[in-house]
Amino acid sequence: MNNFHRPAANARIPVKLHRRVCLVQTEDAVLAEELLARKKLAQDIVGRLTDRVLLVRPGRVEAVVQELQKMGHTPQVSAK
Amino acid sequence: MADAADERWSELLRLTLAAYAEPLLRQVAAKLVRPRGQWPADELIAKGLAAVANPAVLDRRLKELDPAARQLLALIGHSRQPVWALGNLVEMMIALGHADGLKPAFDLLSAGLLYPYFTPPPQRGTRVQTFEQWLGFAGPAGLTVFTLPLIAGRAVGEPLPLPDLSQSAIRNPQSAMEADGLEIPLRLAVLWQQASAAPLRRTQNGGYFKRDAERLAGDKLLNNPPAEGLVDVPDFGFLVAALAELEGVLAADDSELRAAALPAAWEAGLAATLAALYADLPRLQTWNALEGWRGPDAMAGNPFPSAVLLGLLLLARVREGTWLRPAAVEDWVHTHHPYWAEDESLRPSRRKPWLETFLLGVAYPLRLVQARRDDEGWLVRLSPTGRWLLGPLTPTPLPPGERGRGEGGGAPPPESGYPQTLMVQPNLEIVAYRQGLTPALIGKLTHFAAWTNLGAACTLRLEPETVYRALEAGLTFETIRRTLEQHGVRALPAAVLESLRTWANKRDRITVYPSAVLMEFNSADDLNEALARGLPGERLADTLAVVVNEGAIDFKHFRLTGTRDYALPPERCVTVEPDGVTLTVDLAKSDLLLETEAPRFAEPLPRASANGRRQYRLTPASLAAARAGSWSLPMLERWFAQRAGQPLPPAARLLMVGGAMAAPRLQTHLVLHVAAPELADGLMQWPETRPLIAERLGPTALAVAEENVAALRERLARLGVALAQ
Numbered sequence: 002m003n004n005f006h007r008p009a010a011n012a013r014i015p016v017k018l019h020r021r022v023c024l025v026q027t028e029d030a031v032l033a034e035e036l037l038a039r040k041k042l043a044q045d046i047v048g049r050l051t052d053r054v055l056l057v058r059p060g061r062v063e064a065v066v067q068e069l070q071k072m073g074h075t076p077q078v079s080a081k
Numbered sequence: 250m251a252d253a254a255d256e257r258w259s260e261l262l263r264l265t266l267a268a269y270a271e272p273l274l275r276q277v278a279a280k281l282v283r284p285r286g287q288w289p290a291d292e293l294i295a296k297g298l299a300a301v302a303n304p305a306v307l308d309r310r311l312k313e314l315d316p317a318a319r320q321l322l323a324l325i326g327h328s329r330q331p332v333w334a335l336g337n338l339v340e341m342m343i344a345l346g347h348a349d350g351l352k353p354a355f356d357l358l359s360a361g362l363l364y365p366y367f368t369p370p371p372q373r374g375t376r377v378q379t380f381e382q383w384l385g386f387a388g389p390a391g392l393t394v395f396t397l398p399l400i401a402g403r404a405v406g407e408p409l410p411l412p413d414l415s416q417s418a419i420r421n422p423q424s425a426m427e428a429d430g431l432e433i434p435l436r437l438a439v440l441w442q443q444a445s446a447a448p449l450r451r452t453q454n455g456g457y458f459k460r461d462a463e464r465l466a467g468d469k470l471l472n473n474p475p476a477e478g479l480v481d482v483p484d485f486g487f488l489v490a491a492l493a494e495l496e497g498v499l500a501a502d503d504s505e506l507r508a509a510a511l512p513a514a515w516e517a518g519l520a521a522t523l524a525a526l527y528a529d530l531p532r533l534q535t536w537n538a539l540e541g542w543r544g545p546d547a548m549a550g551n552p553f554p555s556a557v558l559l560g561l562l563l564l565a566r567v568r569e570g571t572w573l574r575p576a577a578v579e580d581w582v583h584t585h586h587p588y589w590a591e592d593e594s595l596r597p598s599r600r601k602p603w604l605e606t607f608l609l610g611v612a613y614p615l616r617l618v619q620a621r622r623d624d625e626g627w628l629v630r631l632s633p634t635g636r637w638l639l640g641p642l643t644p645t646p647l648p649p650g651e652r653g654r655g656e657g658g659g660a661p662p663p664e665s666g667y668p669q670t671l672m673v674q675p676n677l678e679i680v681a682y683r684q685g686l687t688p689a690l691i692g693k694l695t696h697f698a699a700w701t702n703l704g705a706a707c708t709l710r711l712e713p714e715t716v717y718r719a720l721e722a723g724l725t726f727e728t729i730r731r732t733l734e735q736h737g738v739r740a741l742p743a744a745v746l747e748s749l750r751t752w753a754n755k756r757d758r759i760t761v762y763p764s765a766v767l768m769e770f771n772s773a774d775d776l777n778e779a780l781a782r783g784l785p786g787e788r789l790a791d792t793l794a795v796v797v798n799e800g801a802i803d804f805k806h807f808r809l810t811g812t813r814d815y816a817l818p819p820e821r822c823v824t825v826e827p828d829g830v831t832l833t834v835d836l837a838k839s840d841l842l843l844e845t846e847a848p849r850f851a852e853p854l855p856r857a858s859a860n861g862r863r864q865y866r867l868t869p870a871s872l873a874a875a876r877a878g879s880w881s882l883p884m885l886e887r888w889f890a891q892r893a894g895q896p897l898p899p900a901a902r903l904l905m906v907g908g909a910m911a912a913p914r915l916q917t918h919l920v921l922h923v924a925a926p927e928l929a930d931g932l933m934q935w936p937e938t939r940p941l942i943a944e945r946l947g948p949t950a951l952a953v954a955e956e957n958v959a960a961l962r963e964r965l966a967r968l969g970v971a972l973a974q
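Those sequence lines, one after another, are chains L and U. The first sequence lines up with residues 2 to 81 when you count with the working numbering. The second sequence lines up with residues 250 to 974 when you count with the working numbering.
Hint data in this document are derived by calculation from the structure and do not stem from the laboratory. Among these hints, one or two may not hold up.
[To be verified] Once the Cα atoms are required to be at most 25 Å apart in a straight line, the calculated DSS-like pairs of lysine-lysine come out as:
| id | chain 1 | residue 1 | chain 2 | residue 2 |
| --- | --- | --- | --- | --- |
| 1 | L | Lys40 | L | Lys71 |
| 2 | L | Lys40 | U | Lys755 |
| 3 | U | Lys280 | U | Lys352 |
| 4 | U | Lys755 | L | Lys71 |
| 5 | U | Lys312 | L | Lys41 |
| 6 | U | Lys280 | U | Lys296 |
| 7 | U | Lys296 | U | Lys312 |
| 8 | L | Lys41 | L | Lys71 |
| 9 | U | Lys805 | U | Lys838 |
Here chain L stands alone, though its shape is the one from the complex (with noise of 0.2 Å):
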């Protein structure tokens, strides 16, 4: 790890926060890919922020978990 860049150690860490997000974090990219060729899911998802990791429109979280349930799959729900 290239340490020039780390921050100090005492020193606060800048960082931009996202509060509430919906989120959907597959196994792999092929599962992803999978979610996102289902119609009903893709319009629920508004984007991909990694090869893993969707980005759920606000609101439509229970719509894409039973969208999940009726594919076969058991999501995992990930709550406080």
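Dock chain U against chain L, hints included.
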């Protein structure tokens, strides 16, 4: 040692005493605490709470009471339910021969051993000036009182003036039937599963929506009589639903009853489970053995809780092992209970027998009574469990340090245990033999398998949805496997194990974060440093981490460069440059939605603008890609309105829909320049010249087709205007 339940009761009592006006509090404290000086109100309440938690003090205070008041507390103790409708207590006192049934309750209120019960608990400012005033404000549901379990428990054993009905008793018992006590827990489990799938909807007046009422009335698992069904019970499904509410299996959420947690008592064994269900009986308002479900009328007077307790106490009054006919018990109740004895206007339908239905249809499945049948009909007697639950009817000394009877004191009958009771079949069906079932095992099975049949041997089915629900509730593949293996009569079939593993693994393949915090760092090193400092998050990408619980983030390590709440409408964070196709994004205000949307119709510029902002440019190719990706003109217009706060720029519109519009035409026109806009207005308006003008190009410029020039010249000449070349 005080447990959580004791603390809850103590807190309720503290709130209630705090709602007493100070003169009333001092009056009550004078009897309960015997203060030696003028203590402040808060101290009086604290001393009062200490007094009612001290068995020795309680025993002294109980001795000072009239026998009738002690009997009233004993009745509450026998019921194991500390909260009672005041009317029911008065009914029982009258049935026991006390002409003024209210006086014992009033004495107990004044003595600080019985209290008004408010739902919700009293808030600051609520004041009970006097008990007479409180009695005068009974709502439609009537008045309710409570005492502490310890107070009622210390009074159990106080002799009650109940007759010994042994003269009508039948001796020479032969075989006695006794239920296993699991019938109602099993039906509660079934209802929990049904409510998990679809909540029950309630109407405003407390009834059920038609569809849900039909579910409760018609569902076979809820309503089918038990294997040894002794009697038809009206609206059994509604009884189960009422008990489910009292047990907390169903919880009210707006206008719905949703599946909540299965009772904690199930983990403590059958005795604790039955004790909790028995304690629910006096609070049963929406169902009774005579009419079944009472629906929205449930708020009217309900004599059954008091009548039921009197009936059970009459069974307890006879020598152990003595059988009684339900009709003999009911005769006494109807003769002495004021609802039946004193109301001559009572409808004949309300005088019909009901106690046999209750004893055989409710008390029997709850294992309170044993039953047998002879030529003349059914006979009943209290079971060992019933005797334990009701407690002794005669004084039995208790050491001061021991908790009272009727609130958990004494020992319940031993429970038999056959841990191996499940047969798991390769077709994913589970056969559960009743003799080995326990409430705790019912609870575990309910979470991960669907009940399909209740009988001498119950059946369940393992399904992806049920396993998924269990995993969601915190169970793991291992805990499910262990449960099935521990209680299985033979090894778990490989096919079942494989299905469970597949379902559990499948669940791990997709994780949904419904409302997470995404932290976007400037660099991978920053993210590494944050994780090294203990950020409770998971890395999603080089610069992105997700945190499930924002409260767990220690913000002293971070400097926020921007925050965005995705539950709020999108924020304006885009500036459109004068060229109409270059978009500059304010990174402090932008969000992930923008960063995923913008690349769909614009190309990111390789370099940020001078102030470090990100830029995108609309190009014919990027907008062609947007059109191919199902972006429409209205979507783009909406996006610009939300994100830039302005309409779609003309250049952007040109790129988006220019190709779809009619082809532009090149034409030769002459331009007529006039001296003033008013003159141009006149030419555009006068019918003689209007058809000759092709288009107005500006305030004083008009386009004229070449072939119309002669006609225009001639008409202007008529006005005296010469057209200069």
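Identify every previously stated hint that the structure contradicts and give their numbers, smallest first.
Of the numbered hints, just 5 does not hold.
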